[in-house]
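A.B. asks: Full structure from sequences and hints, please.
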Amino acid sequence: MTMKSDREERKRRGGAVLLEPDPVIESYKRDIDRTLLRENLKLTVEQRFLKLCELQRLASELRKARTASPHYS
Numbered sequence: 015m016t017m018k019s020d021r022e023e024r025k026r027r028g029g030a031v032l033l034e035p036d037p038v039i040e041s042y043k044r045d046i047d048r049t050l051l052r053e054n055l056k057l058t059v060e061q062r063f064l065k066l067c068e069l070q071r072l073a074s075e076l077r078k079a080r081t082a083s084p085h086y087s
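At position 60 of the sequence shown the residue is numbered 74 (the numbering used here), and the sequence of numbers has no breaks.
Since the hints were derived computationally from the structure, they do not count as laboratory data.
Treat the numbers as computed from the prediction; the structure is a model and nothing was measured.
Cβ coordinates follow ideal geometry from the N, Cα and C atoms, glycine included.
Heads up, some of the hints might be wrong.
[Claimed, not checked] Pairs of lysine to aspartate or glutamate, EDC-like flavour, derived with a Cα cap of 20 Å:
| # | residue 1 | residue 2 |
| --- | --- | --- |
| 1 | LYS43 | GLU53 |
| 2 | LYS65 | GLU75 |
| 3 | LYS65 | GLU53 |
| 4 | LYS65 | ASP47 |
| 5 | LYS78 | GLU68 |
| 6 | LYS56 | GLU68 |
[What the hints assert, rightly or not] Distance ranges between label pairs, derived from CB positions:
| # | residue 1 | residue 2 | range |
| --- | --- | --- | --- |
| 7 | ALA82 | LYS43 | 40 to 46 Å |
| 8 | ALA82 | ALA30 | 51 to 57 Å |
| 9 | GLY28 | ALA82 | 55 to 61 Å |
| 10 | ARG26 | LEU76 | 52 to 58 Å |
C.D. replies: Rendered as structure tokens:
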């Protein structure tokens, strides 16, 4: 493909450059629940930070409970 025809083709596609899928990335995609990612991206940045804070509070409480447990050694 010549430079001119390449530019024309990109213009026809709206400037998008099409890349071949990377086999490594494609193999990782099989193991990731992308619905969770999509749902999280629907949230605002503030909502995501609040969820993160809640998760950190939960983790802290679990650590406290574990160390306070008589079964923990």
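A.B. asks: Confirm or reject each hint.
C.D. replies: We went through each hint and held it up to the structure:
1. Between the alpha carbons of LYS43 and GLU53 the distance comes to roughly 16 Å, so the proposed pair stays at or under 20 Å and holds.
2. The suggested pairing of LYS65 with GLU75 holds, with an alpha-carbon distance near 15 Å, which does not exceed 20 Å.
3. Distance restraint check for LYS65 and GLU53: the Cα-Cα separation of roughly 12 Å lies within the 20 Å cut-off, and the hinted pair is therefore satisfied.
4. A distance of roughly 18 Å separates the Cα atoms of LYS65 and ASP47; the hinted pair therefore holds under the 20 Å criterion.
5. For the proposed pair LYS78 and GLU68, the alpha carbon gap of about 15 Å is at most 20 Å, so the pair holds.
6. With a CA separation close to 18 Å, the supplied pair LYS56 and GLU68 stays within the 20 Å bound.
7. At about 41 Å, the beta-carbon gap between ALA82 and LYS43 stays in the expected band of 40 to 46 Å.
8. Checking the proposed 51 to 57 Å range against ALA82 and ALA30 shows it holds: the Cβ atoms sit about 56 Å from each other.
9. The hinted window of 55 to 61 Å between GLY28 and ALA82 holds, with their beta carbons roughly 59 Å apart.
10. The beta-carbon spacing between ARG26 and LEU76, approximately 55 Å, falls within the hinted interval of 52 to 58 Å.
The structure shown violates none of the earlier numbered hints.
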